[in-house]
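Undergrad: With chain S's structure known, arrange chain R on it following the hints.
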Amino acid sequence: MSEPVRITYREAVRQAIREALQADSRVFLMGEDVGKYGGCFAVSKGLLDEFGEERIRDTPLSESAFVGAGIGAALGGMQPIVEIMTVNFSMLALDQIVNTAATLCHMSGGQFPVPVVIRMATGAGRQLAAQHSHSLEAWYAHVPGLRVVEPATIDDARGMLRAALACPDPVIVFEPISLYNMQGELTAAASVVRLDGARVRRVGNDVTLVTYGASLWRCLAAAEALAGEGIDAEIVDLRSLRPLDDATILASVRKTRRAVIVDEGWRTGSLAAEVGMRIVEQAFYDLDAPIGRVCTEEVPIPYPKHLEDAALPGPERIVAAVRRLFAHDQ
Amino acid sequence: MTSEFRLPALGADMDEGTLLEWHATPGTRVKRGDVVAVVETDKGAIDVEIFMDGVLREIVVQPGTKVPVGTVLALLDVEGNTPAPSPSAAGAAEGAGRAKISPAARRRARELDVDVASLEGTGPEGAITVEDVERMMSSPRTSSPSPHPAPAKSEEGAGEGQRMREAIAAAMSRSKREIPHYYLSHTIDVTAATDWLAAHNAAAPVAQRLLFAALLIKAIAGACRELKGFSGHCRDGRYEEAPAVHVGVAVALRGGGLVAPAIMDTADKSLVALMDDFRALVTRARAGRLRASELAAPTIILTSLGEDSVDAVFPIIQPPQVAIVGAGSVADRPWVSEGAIVPRKVLTLSLGADHRVTDGRLGAQFLARIAEKLVQPGSL
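Residue numbers (the numbering used here), protein chains in the order written: chain S, 17 to 346; chain R, 144 to 523.
Excised from the complex, chain S in its bound form (with noise of 0.2 Å):
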């Protein structure tokens, strides 16, 4: 076992990716400025040089063209990733992902599963305004016939291409774009990530706060600042988006009997509604308390700094819902 060492969450993916294109001579690597320009993220920097043009391929400026052609290679045998420079831009490629991407092996009786693997990535946090700063992760969530993750650590960055390469449903990984420079340490624990199933990040006893992405580090915050109130907060990270676990959600709320849910993406609809509602369906006895949600407010992301950071579900909102469910005079 070596030393854990600390990188950053960009770090982390590249070497992900850089491993699996080692690993599997099917694996190559498509996307805008993927190639010379080492990534709009610069995530895929360095590896151009590394493995050529063959497997690190620019592309087009057409999301519904490549997402397609990622499709129809993992139909014939390939193992791609497909980048989509940010979730605002999948839009393009959403008639590939949900019309073909999720159906065929449904609509072939199981003939024709599509191991493709689609990386984008979502969210604010660095005044990228409204076309580039959006989190859509539920529409995808939606989709039967699609997984859909989220690493939020270094660990789960590292590890979780590995597991979606080896998934036979094409998967969609989200990446915020706010972690990017997010350095860790990266444990070898890693290596051995699943692709499913939520985690318990911080164990408490009077609160669960129910979170994905990089509200999981918001939620962190806001934990801490309710420990200075005596006020003990679980976080339950969900990893995946698509499917929910369930068992983990409820055993903490079971425990808690309140649960907050944070999520980036706009309340209505959302994410954290349905993982609300699957609370009230499954556990509904055991709640002490409403359920809380602090979700972006449902505006556009704006530009100017103080905006954009006033829309997002920051760590005083969340200490602020966290509140509201123990005391009866806020």
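Each hint should be verified, as a subset may be incorrect.
Stated by the list, open to error - A few chain S residues that face chain R, going by a derived Cβ cut-off under 7 Å, partial list only:
{"hint": "1", "residue": "V296"}
{"hint": "2", "residue": "F300"}
{"hint": "3", "residue": "Y301"}
{"hint": "4", "residue": "A305"}
No wet-lab data here; the hints were simulated from the structure.
None of the values given here were measured: they were computed from a predicted structure.
Note that beta-carbon positions come from the ideal geometry of N, C-alpha and C, so glycine has one too.
TA: Same frame as chain S, now just chain R:
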């Protein structure tokens, strides 16, 4: 059709009671077993259950009124030809709508048999939470905010203590006046039972640990099933064996006096379940939260003065029951076993029984049966 709900006798010697509060309002649908009112008796405030299904039509006796047993307290429309009340009838009568209570708190209250109407919530929007329910269990009733003054001061106040004393005096005087007691005692080696208990408790999680009293209660219940004449009631000179054994346990109250609520269907319960009930009963007895049915239900009583106490107790039967079992302390005593004097754990059991119903010979068999069960605790 209309039915009358009358003040029941909440103990052998109760002849009147003061209605403290109603838990139902006109329009409330009630079913058999619901606690509909709280009545102050000599033994403290008792939750009174209704014994029929129906819809409360009219309250006849208002809170604060002292009335004799048998007085009509309320009128009921009984099931069958009753217009269905609107679901909001009960809430509407309270004025401010339904009290808010979390789903988890409602379930916990049911488990602990806590009446949520008397609780004040501390949760969001004043909702009652699990903590509020559990706080109620751990403190005497008098500490809970209640619109009615002094519902149960059984643990404080000279007047209350005095009334409790008078109630005990009345019941015990009647017993000694009417019941020709005979007494037997039997000293037994219970080392096997205490060893078994120590081993069980060492292996069991805290919640499943047992007290010696649990073994005693279970042994008594088993003996009652095997021999008739000890678990039942004698009324107007006629004895009737009770169909189910409910062993009452004498619980001393901190402020003086005692009550003897029943562990229902004692013989059918596992030791762990019985222990759970026993613990809950003691807690509620000391909090003044007993139900009328629990006080009226015992078919036989165990009185045990606890550890490091006296060797034996010769108890007085509580009418209309016909037997009471006493247990002294389990103590280290010299014991002759296989010709040698050895130190053993020894217990003296006693029986006070009603000579109108049984004779000493049967009583001796009864005590022997209890003893047999105690020396084989694994089979309890």
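Undergrad: Starting from the hint list further up, note which numbers the structure goes against and sort them upward.
TA: Structure breaks hint 1 only.
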